Amino acid sequence: MRHFDAWILRDPYSIFHYYSTGHRWKETVRDLIQQRKICAPPALALSLDHGASTTSSPAPVDPYARPLNPQSASPFLTKLPLEIRLMIYEYAFGDEVVHLVQLKDKIRHVRCENTTSSLDKNRRCCPSTPARWREQDNSPATTSVPQNTSINSSMLYPHTHPALPSSLSNSPAALLRTCRTIYGEAADILYTSSTFDVDDLTTFIAFSLSVSPQRLRSIKRLAIQWTPVWQPMAGEEHKASIYSHTHNDKLWVLFWARVASLDGLEDLTLSIDLGSFAGTPPPPPPAPPAAAQVHAAAAPGTPTQPGSLIGGHRLRLSITEPWVAPVLSLRGLRTFELGITARCDAAAKQALEGDLVRNAVRFRDHLRLVLCSAPGAPLPVLPGVSREHLQVQVDLLRCAFEGAEEVETVSGVRARPRLAIMAG
Numbered sequence: 001m002r003h004f005d006a007w008i009l010r011d012p013y014s015i016f017h018y019y020s021t022g023h024r025w026k027e028t029v030r031d032l033i034q035q036r037k038i039c040a041p042p043a044l045a046l047s048l049d050h051g052a053s054t055t056s057s058p059a060p061v062d063p064y065a066r067p068l069n070p071q072s073a074s075p076f077l078t079k080l081p082l083e084i085r086l087m088i089y090e091y092a093f094g095d096e097v098v099h100l101v102q103l104k105d106k107i108r109h110v111r112c113e114n115t116t117s118s119l120d121k122n123r124r125c126c127p128s129t130p131a132r133w134r135e136q137d138n139s140p141a142t143t144s145v146p147q148n149t150s151i152n153s154s155m156l157y158p159h160t161h162p163a164l165p166s167s168l169s170n171s172p173a174a175l176l177r178t179c180r181t182i183y184g185e186a187a188d189i190l191y192t193s194s195t196f197d198v199d200d201l202t203t204f205i206a207f208s209l210s211v212s213p214q215r216l217r218s219i220k221r222l223a224i225q226w227t228p229v230w231q232p233m234a235g236e237e238h239k240a241s242i243y244s245h246t247h248n249d250k251l252w253v254l255f256w257a258r259v260a261s262l263d264g265l266e267d268l269t270l271s272i273d274l275g276s277f278a279g280t281p282p283p284p285p286p287a288p289p290a291a292a293q294v295h296a297a298a299a300p301g302t303p304t305q306p307g308s309l310i311g312g313h314r315l316r317l318s319i320t321e322p323w324v325a326p327v328l329s330l331r332g333l334r335t336f337e338l339g340i341t342a343r344c345d346a347a348a349k350q351a352l353e354g355d356l357v358r359n360a361v362r363f364r365d366h367l368r369l370v371l372c373s374a375p376g377a378p379l380p381v382l383p384g385v386s387r388e389h390l391q392v393q394v395d396l397l398r399c400a401f402e403g404a405e406e407v408e409t410v411s412g413v414r415a416r417p418r419l420a421i422m423a424g
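The letter at position 39 of the sequence shown is residue 39 when you use UniProt numbering, and the numbering goes up by one with no holes.
Hints are computed from structural coordinates only; laboratory data are not their basis. Just so you know, these numbers come straight off a predicted model, no measurement behind them. Where is the CB? At the ideal position from N, CA and C, for every residue including glycine. Hints may contain errors.
[As the list claims (entries may be wrong)] With a cut-off of at most 27 Å between alpha-carbon atoms, the simulated DSS-like pairs for lysine-lysine come out as follows: (1) 220 - 250; (2) 250 - 104; (3) 250 - 239.
[Said to hold, decoys possible] Derived Cβ-Cβ restraints for the label pairs, each shown as a range: (4) 264 - 378: 17 to 27 Å; (5) 72 - 378: 36 to 46 Å; (6) 372 - 392: 14 to 24 Å; (7) 234 - 378: 20 to 30 Å; (8) 90 - 114: 15 to 25 Å; (9) 166 - 309: 22 to 32 Å; (10) 73 - 173: 23 to 33 Å; (11) 210 - 239: 24 to 34 Å.
Assemble the whole structure, with the sequences as input and the hints as a guide.
Right under this line is the structure:
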């Protein structure tokens, strides 16, 4: 058992942990797993200890700290003017979408074949890149426990598609490793010319903490593909859930704090995937009294009432909701686009479409007014939203960045039982 304990401490995520043997791991080990301090990007683990504001980013690389080699034998650097070289760098890096992914404790990327990030594709353009909870939502549901331990070996990692390792991109970033002169001329272009696409909170947090502030300021375009397992900051978080380390209030606040730290960000795309909904047909028209009595007698025995919805992720689309408060820390955008996607059958579409479209349009317009306002300006007056509700959001926003404990107090989140890691 000592050997097994040592192995699980090295990689606790690599075992399917729903064994009903009654053995509970020590409190400290379970805390490490919940807080992603084991087998997580080091920068993210550090940020969870000290907060985003106190976590030191890597020192920027100064290619001119030492004298440069004159590169007199390179026609590229000696005969072409800088303006032409910059055009070549922009062509080499291209106007591409970069899907950020996390392979165990490393942040990697996949360069997309599309030049723009679509609101409704949800990374289906690159099937190996979506986070695992989004893959499961697109696959048929099953209640059986998988028997293949190789599938279970990465249950708690965000990106687990078997084809992902072979899809990772290394080029054209390799151009920057050619020499310090090219690095100094082209490093910023790599960030300014690309759209960074993220679908996991922890992946982007770790990425932003591992990149120097100078490079972060060069990021112009960001696409966020988010699938809510539950509504943040609404008391719906389940500490015992396998998703508690990827979808929790602390990560939600920290994620938007890191997005707000991108001083050069101009274009933001937020795509919210609500998952798959199934519905039952609407109630039949009123029947004659006799038939109505028969129908009423049979109704209690039916498990699902007509017109109800099954599946999907419910999210209240209103700028006055507590989960929106951390988003409002972001200002100074040039453009903002919002997309709400849901896969529905005919009955679910009939029940959802009208209200969902109406709420999404109003939500997008309100967010656009705030996010595209000047940095440091007070929240603008929003149509149909009272000043009292806006003040509540300001207070929530202030508490959100003062600490996760105050966020939980304001939003009324109650503590739930800790995750019980079971092993044989």
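Each hint, compared with the structure:
As the CA atoms of residue 220 and residue 250 are separated by approximately 26 Å, the hinted pair is consistent with the 27 Å bound. Straight-line distance between C-alpha atoms of residue 250 and residue 104 comes to about 21 Å, which keeps the hinted pair within the 27 Å bound. A threshold of 27 Å between alpha carbons decides the hint, and for residue 250 with residue 239 the separation of about 12 Å falls inside it, so the pair holds. The supplied range of 17 to 27 Å is met by residue 264 and residue 378, whose beta-carbon atoms lie about 23 Å from each other.
For the pair residue 72 and residue 378, the beta carbons lie near 57 Å from each other, so the given range of 36 to 46 Å is not met. Judged by the Cβ atoms, the range 14 to 24 Å given for residue 372 and residue 392 holds: they are separated by roughly 22 Å. The given range of 20 to 30 Å is respected by residue 234 and residue 378, whose C-beta atoms sit roughly 26 Å from each other. Range check, residue 90 to residue 114: about 18 Å between beta-carbon atoms, so the 15 to 25 Å window is met.
Taken as a hint, the range 22 to 32 Å is violated for the pair residue 166 and residue 309, whose Cβ atoms sit roughly 39 Å apart. Remark: the range hint 23 to 33 Å for residue 73 to residue 173 is upheld by a beta-carbon distance near 24 Å. A hinted range of 24 to 34 Å holds for the C-beta pair residue 210 and residue 239, which are about 28 Å apart.
Of the numbered hints listed earlier, those contradicted by the structure are 5, 9.
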